[in-house]
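K.L.:
Sequence:
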Amino acid sequence: MWTTENRPRYNRDKLRYPSDLTDEEWGYIEPLIPSARRGGRQREVTVREVVNGLMYVLGTGCQWRYSPKDLPPRSTVFDYFSLWTQTGVLAKIPQALYAKCREKAERKVEPTACIVDSQSVQSAEKGGAAAIRTVSTPARSSRARSGICS
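In the numbering used here, the protein residues as written are -19 to 130.
Derived by calculation from the structure, the hints in this document are not laboratory data. The reader is advised that the hints may include incorrect statements.
Said to hold, decoys possible - With a Cα cut of at most 25 angstroms, we get these calculated DSS-like pairs of lysine-lysine: (1) Lys72 to Lys88; (2) Lys49 to Lys(-6); (3) Lys72 to Lys84.
Predicted model only: the values in this text are computed from it and were never measured.
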């Protein structure tokens, strides 16, 4: 809730961009980022800046090529985005942050209650997934177009 005590904690005016991570936020995310692979060249880029670049693109919705010049190159940020998506790192971050929030609120990590609204119940009564028909149209093949015509 926005209270006078709480508001300064979420103030992002001193950051370069509002999407940049604070030191506290980086402290939560840093252990979830995998270290560099053994062998090969050392990392020349700061991983925190890569995450800041990723947060900028995902937070603003801008195109990769419009990412600011003071962040790492867009190709680097995109390569890390692709790697972390494939390896599941980006999926683990929200789950871990959610678990931390629940622990901080002194709750169990897994929720113990469920809310069911009337719309969900009505759609389940009608058959749910079985009521959805998948329709596929067979592809048309033309002998004249394919060059197999005799």
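K.L.:
All hints are to be evaluated individually against the structure, with a verdict given for each.
P.N.:
Here's how the hints hold up against the structure:
1. Lys72 to Lys88: Answer holds: Lys72 to Lys88 is near 18 angstroms, not above 25 angstroms.
2. Lys49 to Lys(-6): holds, 19 angstroms
3. Lys72 to Lys84: holds, 18 angstroms
When held up to the earlier numbered hints, the structure conflicts with none and fits them all.
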